[in-house]
Amino acid sequence: MRFRLRRRQPAPEVVAAPALTQDQLFAVVHERLSAFVGAEGAWVVTRRSHDDRDPIFHGMLARSLAHELSAAIQSEQLRAGVEATANPVTSAIPVMRASTPPVTAEPAAPVVEPAALTWDPKPIAVWAEPDAASVATSADATR
Numbered sequence: 008m009r010f011r012l013r014r015r016q017p018a019p020e021v022v023a024a025p026a027l028t029q030d031q032l033f034a035v036v037h038e039r040l041s042a043f044v045g046a047e048g049a050w051v052v053t054r055r056s057h058d059d060r061d062p063i064f065h066g067m068l069a070r071s072l073a074h075e076l077s078a079a080i081q082s083e084q085l086r087a088g089v090e091a092t093a094n095p096v097t098s099a100i101p102v103m104r105a106s107t108p109p110v111t112a113e114p115a116a117p118v119v120e121p122a123a124l125t126w127d128p129k130p131i132a133v134w135a136e137p138d139a140a141s142v143a144t145s146a147d148a149t150r
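In this note's numbering, the protein residues as written are 8 to 150.
Some clues are possibly wrong.
Label pairs and their computed distance ranges (CB to CB) [claimed, not checked]:
1. I63 / A99: 17 to 23 Å
2. P17 / A46: 51 to 57 Å
3. A99 / P130: 50 to 56 Å
4. W50 / V96: 24 to 30 Å
5. P19 / F43: 54 to 60 Å
Source of the hints: derived by calculation from the structure; they are not laboratory data.
Backbone N, C-alpha and C fix where the C-beta goes; we use that ideal spot for every residue, glycine too.
Use the sequences and the hints to build the structure in full.
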């Protein structure tokens with residue numbers, strides 16, 4: 008009896024993607040986003056109104072975008088089976104959700120809201136010396 012030894016090809020090695028913590032992801036993504044839209048970035052991001060020229064806005068925008076992206080990547084890694092790690096840096100960042108209405112091409116006419124309660128303010132103080140006309144009419148009324 009002869010047994011042939013078959014040459015089997017070895018199973019391909021599965022190279023796992025590096026498991027990064029959310030803090031490491033945040034650092035990488037924040038660095039790249041700061042280069043694009045940060046305070047000294049190549050791109051300019053403007054607020055919805057033209058009078059908002061806050062320089063802190065660009066840094067906060069890059070930071071919040073980096074946090075959202077790193078959290079999304081981390082959640083996908085957790086779903087894929089990567090172990091959860093402690094994230095002291097990104098867990099200290101408060102999660103902010105944007106709730107702004109979509110921008111229209113043309114500004115809409117201002118909406119006048121009806122007043123819930125009508126208020127007719129009365130004077131708080133009354134002059135100690137009444138007008139001469141009111142004094143004359145009250146004197147005529149007493150005669």
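Right, here's what the structure says about each hint:
1. The beta-carbon spacing between I63 and A99, approximately 18 Å, falls within the hinted interval of 17 to 23 Å.
2. At about 52 Å, the beta-carbon gap between P17 and A46 stays in the expected band of 51 to 57 Å.
3. Taking the beta carbon of each, A99 and P130 are about 54 Å apart, inside 50 to 56 Å as hinted.
4. Taking 24 to 30 Å as the suggested C-beta distance range, the pair W50 and V96 conforms, at roughly 25 Å.
5. A beta carbon spacing of about 37 Å between P19 and F43 contradicts the range 54 to 60 Å that was offered as a hint.
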